[in-house]
Structures are given as C-alpha cells and as structure tokens.
Amino acid sequence: MLLLVTSLLLCELPHPAFLLIPEKSDPPTVVPASSLNVRFDSRTMNLSWDCQENTTFSRCFLTDKKNRVVEPRRRAFTMLAGLVSNSRPQVIHPPQPPKVLALQLNNNECSCTFREICLHGGVTFEVHVNTSQRGFQQKLLYLNSGREGTAAQNFSCFIYNVDFMNCTWARGPTAPRDVQYFLYIQNSKRRREIRCPYYMQDSGTHVGCHLDNLSGLTSRNYFLVNGTSREIGIQFFDSLLDTKKIERFNPPGNVTVHCNTTHCIVRWKQPRTYQKLSYLDFQYQLDVHRKNTQPGTENLLIDVSGDLENRYNVPSAEPRAKHNVKIRAADVRILNWSSWSEAAEFGSDDRNLSSVYIYVLLIVGTLVCGIVLGFLFKRFLRIQRLFPPVPQIKDKLNDNHEVEDEIIWEEFTPEEGKGYREEEAEVAVSQDRAIVCQLG
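If you use mature numbering (1 follows the signal peptide of the UniProt record, and there is no 0), the sequence shown corresponds to residues -19 to -1, 1 to 421, in order.
Hints are computed from structural coordinates only; laboratory data are not their basis.
Take the hints with a grain of salt, since some may be wrong.
Below, computed lysine-lysine pairings styled on DSSO-like, alpha-carbon distance capped at 30 Å [what the hints assert, rightly or not]:
1. 47 with 120
2. 226 with 120
3. 303 with 272
The following label-pair restraints were derived from C-beta to C-beta distances [what the hints assert, rightly or not]:
4. 158 with 259: 47 to 53 Å
5. 169 with 16: 31 to 37 Å
6. 20 with 183: 33 to 39 Å
7. 340 with 296: 23 to 29 Å
8. 234 with 154: 28 to 34 Å
9. 361 with 296: 49 to 55 Å
10. 50 with 165: 26 to 32 Å
11. 361 with 270: 30 to 36 Å
12. 234 with 90: 16 to 22 Å
13. 321 with 199: 37 to 43 Å
14. 161 with 24: 44 to 50 Å
15. 181 with 299: 51 to 57 Å
16. 272 with 250: 19 to 25 Å
Glycine included, every Cβ here is placed at the ideal spot set by N, Cα and C.
With the sequences and hints as input, model every part of the structure.
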C-alpha cells in the first residue's frame, strides 16, 4: 500500500524538462505618454525624448497633413553602459524605411533627426519604445502657430549667372501692415545656416532676398521664411528646393557659322553652370530664320542634343539669303530654357536684289510676248480678209483629194441624167439653127 501511494505522488510531480521552460511573460504594459517627455527643435529638425532602461525596440516617425507617414531610412538605438545590465552598449538595427532619420543618445537623451521635410502644414510626431518590462508611446502635435493667412506666399528662388540667387515671396493676405519677413537657408546636412544678406523691400516689408555667395549650398536645401509683428503672431513658410531645378542657364556663347556651297555649320560653346554637368546633360534649341522676317511669323525651332563638339549642319545651298541663328540651352531633365543668345548672321542680301530683277524680267518678257502674239494674230486676220481661199469641190469618196477634178457619173441618178441629156439636145438644136442661118 505504501508503494502504491509513493508511485502516485511521483506521477503528479512535473517532468524535469518542464522545469527549464520559463513561464510565458505578458506583453509590455503601455504607460502614460508623459513618461517619455517628447520634444522637437524645428531649427535642427531634432525629435528627442527621455531614454528608458533595458530598451529593446524604438521607433519614431511623423504623419503630415495628408496622412503620409515619414519614417527613418536608417534607425539605430544606443544605450549607455550605466542604463543596462551589461557593461557594453547595445545597438539594434531594424529594417530600413524610406526616409532619412538618425537615432542617437546624448546625456540620457534619445533623439532622431528628420531630413527633407516641410512643417508649415503641421505634422504629428510619434515615439514608440519597448523595454523588457513595458511599452511607451507618445504623440506630439506640431502646429504652425499664428493667424491663418499671414505666412509668406508665392515663394520661389532661381540661380542665375552661375554665382547669384534671388528668392522672392509675397505678403500674406491677412498679414498686418507692420509684418516683417526673414529668410534662413540650410543645406541638406543642416550643418550651416545662411541668413539673407540683402533684402528686397516693398513699402518697407521684405519681399525678396539676393545672395551673391552660394558656397554654402548643396544639391538640396531647406528654405525657411519667418515673420514677426507687434500685433499678431505670424505663421512661417518652409520649402525644399533642388539647385538643379531652380538654376537658369546662361545662353550658349561664341555662336559662329561657317558656310560652303551646300550647307552651313553652326557651332557654339556650352554655358557654364553652378552644378557640374556634362555635355550629355544639355539640350539646345536653334532658331534659324531669314533676316527682316515679318512680325508674328512663327519660326521653326530645331532641337539638338548636347554633343562634345556642339555643332549643327543647316542645309542651305548658294546663293542664300541672309539669315539669323540664335541658340538657347536647358537641362535635358527639366527643360527650363535659358534666354536666347546673340544672333549670328550668314548669307547675303544680294540674293534679294537678284530675285527682284528676275521677277521684273519675267513680267516684262511676258508682256512683250503677249504684244507680239497679238500683233501677229491681227495681221493674219487681215491677210485672210484680202485673199480669201477659192472654194473647191470636196471629194467625199476619196480622202486624199487626188481626183478632185474628175466627175463620177455613177453618182448621178436617172432623173439627173435625163435632165442633162435634154440640156445637151437643146444645145445641139440651137447650134444647128445657127449654122442654117449662116448658110442662108
């Protein structure tokens, strides 16, 4: 009996293997949002929060006004040695989302830096952090403070003459009279801030900026227009601009034309640009037209791709009238055309004079021929009247008129023959009577 009880007790005990399996832990508990203390610096585009101990996962992103989510392209989370049980820092690299965002740790502060985003429409930041014990989430709503409609409008910039840039904007429709705007520029790395050195004004208000030093710009730059007023708050406007898209090329230089008997060769020099471009990045348009063309006449434009020699053959045989040729350039990907180059001439004005002479000779020759033909025709009519043609018997049976004087007796009818014989008899009687009278 005692042996049976012992065996039953042993069956109720768990297997040693089960003793090694840890109990399934519950998911981390989400704590109130205030524990992360999320904050954002618009100048550095830096989103920061308080780091948590034993962090296993972190994520930060934003949602714009159009519900588009911007996440980091590369995300790394680093924890100080004093915050974890191990003495060595741990780095977690999740998969790469679409936008650039760097995560770093400074003085127990975790942060992520956003790149290439505009904030004037308002965004919502979110931070998700998981630790081994619980999870944290917090949202931060970033609004464009100030009265609606006070921000600068119609903002645009363009680079010209390689080394200069102008930016212009308009006053907001609800902005007060004492509003003043200021322009700040940062390159894509956000390492340098450029303040406008020369403002363009309209009634004392800044409505544009001129820069004569573009050394601090990169291929893509962030532009911010802030506003101030003593009456109300002024909203800001920001924009991201690509220098390739806003550059206006200078027209091609050194346009020359050399002609032979069959065609003319047009050559030009590639314009100098702010960006480093090869000849394959250029597209050209040639405007070839006759000199002194009537106003409103549409000229045919010739598209030419960039080439190492930059030349084009214009078919034009001698003699050729005087022509003008102008050229303009653009980026082949954008086609923002430059102004036209100075016109180059080829051909001669002598062709115009010779053409006039030819036309006059043709008209005079036509008139002379008409007068001569009229005179000859009139004289021919007079001769016909003085010497009319003698009518002849037409031979209806023979087309070659070889027997015009012969009389075909078979054509006469019996009645016609009878009448003819009677006439012969009368002639014979009259002749007999005349002979008798002479004898008597």
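Hint check against the structure, violated hint numbers in rising order: Structure breaks hints 2, 8, 11, 12, 13 and 14.
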